[in-house]
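Please take these sequences and the hints and turn them into a complete structure.
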Amino acid sequence: MTPAPSLLALYASMVTIRRAEERLSKLFSEGEVPGFLHLSIGQEAVPVGVCAALEPADTVASTHRGHGHALAKGMALEGFFAEIMGRASGVCAGRGGSIHVADMRVGMLGANGIVGGGLPLATGSALAHQVKGRPNVAVAFFGDGAMAEGAFHECLNLARLWRLPLLFVCENNGWGEFSPLERQFAASLAALGAAFGVPHEAIDGTDVEAVAAGARRRADAARRGEGPQILECRTPRWRGHYEGDPQKYREPADLNSARGQDALALAAARLSAQGVGAERLAEIERSIGERIETAVAAARAAAEPSFELAAAGVYTQRAAHA
Amino acid sequence: MPEIRFSGAINRALADAMAADDAVVLFGEDVAAPGGPFAVTRGLQGKFGPQRVRDTPISEAAIAGAAVGAALSGLKPVVEIMFMDFMTFAMDALVNQAAKARFMFGGQCSVPMVVRTPHGGGLNAGPQHSQCLEAWFAHVPGLKVVVPGNPADAYALLRAAIDDPDPVVFVEHKGLYNTKGDLPEPPPAARIGEARIARAGRDATIVSYGAAVAWSLRAAETLAKEGVETEVVDLRSLQPWDEAAVLESVGRTRRLVVAHEAVTPFGVGAEIAARVSEMAFGRLAAPVARVGAAFMPVPFARALERACLPGDADIAAAVRRTLAHA
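The listed protein sequences derive, respectively, from chains A and B. The first sequence finishes on residue 322 if you use my numbering, and the numbering steps up by one all the way, no holes. The second sequence finishes on residue 648 if you use my numbering, and the numbering steps up by one all the way, no holes.
Since the hints were made in silico from the structure, they are not lab data. What you were told as hints is all true, and nothing was included just to trick you.
For lysine to aspartate or glutamate, the following EDC-like pairs were computed, each having C-alpha atoms within a straight-line distance of at most 20 Å:
hint, chain 1, residue 1, chain 2, residue 2
1, A, Lys-26, A, Glu-293
2, B, Lys-369, B, Asp-338
3, B, Lys-502, B, Glu-325
4, A, Lys-248, A, Glu-177
5, A, Lys-132, B, Asp-377
6, A, Lys-26, A, Glu-285
7, A, Lys-26, A, Asp-245
8, B, Lys-369, B, Asp-352
9, A, Lys-132, B, Asp-344
10, A, Lys-132, B, Asp-485
11, A, Lys-132, A, Glu-55
12, A, Lys-132, B, Asp-343
The structure is reproduced here in structure tokens:
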């Protein structure tokens, strides 16, 4: 089993996601990122903590707010930026964009444009692990907004009936698009898990070490054949539902409170208390900043995707005899 | 040649595919222990075990969605949606996930899955258990749609669908399950996208698929007694459909009727008529005629359902209309 990463490694992974998304926000405002952009700034501890508990062959299905999941699971920055900037060298050849970043090589089954859409995919991936007798787990990342989707309830039930090695990881940021959780969901995730007999653990989603420990407990249980597990991570939503969202539906106090919860600041303070110097953290920042700028420059220099190649990619092309 | 029921041919195809490839798994509502609502999957759990043949709860979204996730993670799932009418609950998995994963992930993966589902009326099953919704799926880039019309094709096309790297909606007419036909030994192979000339003729072409192929053949028998030699083309698959075979036939007969059980507006017949008019307008001696169900929900009462659904008399009448055209 892969050893648990150090707090410094977790911190660096969170910084990578934060700075990559900040860069995307700037590129978006300058017109270099087309389409919709949903940022997970403030939520970095969840993907980083959860993926710290995963093996390379474990699989994750993600959401429309999926940049963190992609990068934490191992997607390279070059393919990531090129995809979101719509280039041929993108990890999805420029056909998916921000909301569909996927990398099968690292077990990342895709961000998803459909709220709740990734839950059945992770369920099926867990089924494949089970049928094939692999020691792996599948993770379904989902937001609190997806708890009201019928597919979620179907998957909880099916996964429990079949005791699938599946982690339901809820990123509960309190907002389903433009509406607060209390106006969207009449139950609680803990009660729902209990109803199906699925163990539920709630943790502070801004504490990357707590997330990593919780995810490891849940993943270990799933690997032992104890069936699906729920990890509910309470996490802030710093940004709008999408970039450009004026968030008029939020009280300033709510927004300020969210921005006061900072996974990076928490981890940095802990590192400092452990004696990691400010210059070491600055070095991490500098190195990540360089890697991001290299990826952005490569994306800018990359070709536009070919329409002919896209058209040939709707179905699998097979040899004539097939 | 040994005779086999349509349902038995599907069962045999599933068994042979599962024996040939450990990655093939089967799940759906009542497909395992009960053996399927139409007994199509009977005995398969006994042969292949509860890991690979599973009963699911009544959860079509999870069935279809889990099939996509399983296909992305190394399995070749064959799932059953008990009635095509229930595909409405499986639409996100099929339309937004299965159909698009290969394309929108830049060709990183294929989605080798099959959704088997029965369509069609004739059982007085009413508006929510009788529909023919195949045109919906043929309209979605990334999906394939296969509709066999006899046991040998059911076998060969299902094997082809399971071997196919892309998601296939495999449509079985409920009225065909108990019909019998020859299944040669060893069973035949087929390619998705190739039509079959079910009857040769020179005066007009009927293009059809599924249960309507038998109606078309009966119509051709009737017309033969009137001195009209009608060709019947069994499409076998709708997405892709064998445009070359249809154009070749129409090029010879110069008259075309498209016959299916689904309602006519915006249907498979509309697409074929449009393509033939684009590609072979000069060859047509008469407007393309379409035969399909009345544009209404399939009604329950015997007399109502009979009047709603098309049959061989409607098809023969349509051929006569095209022949009457100067």
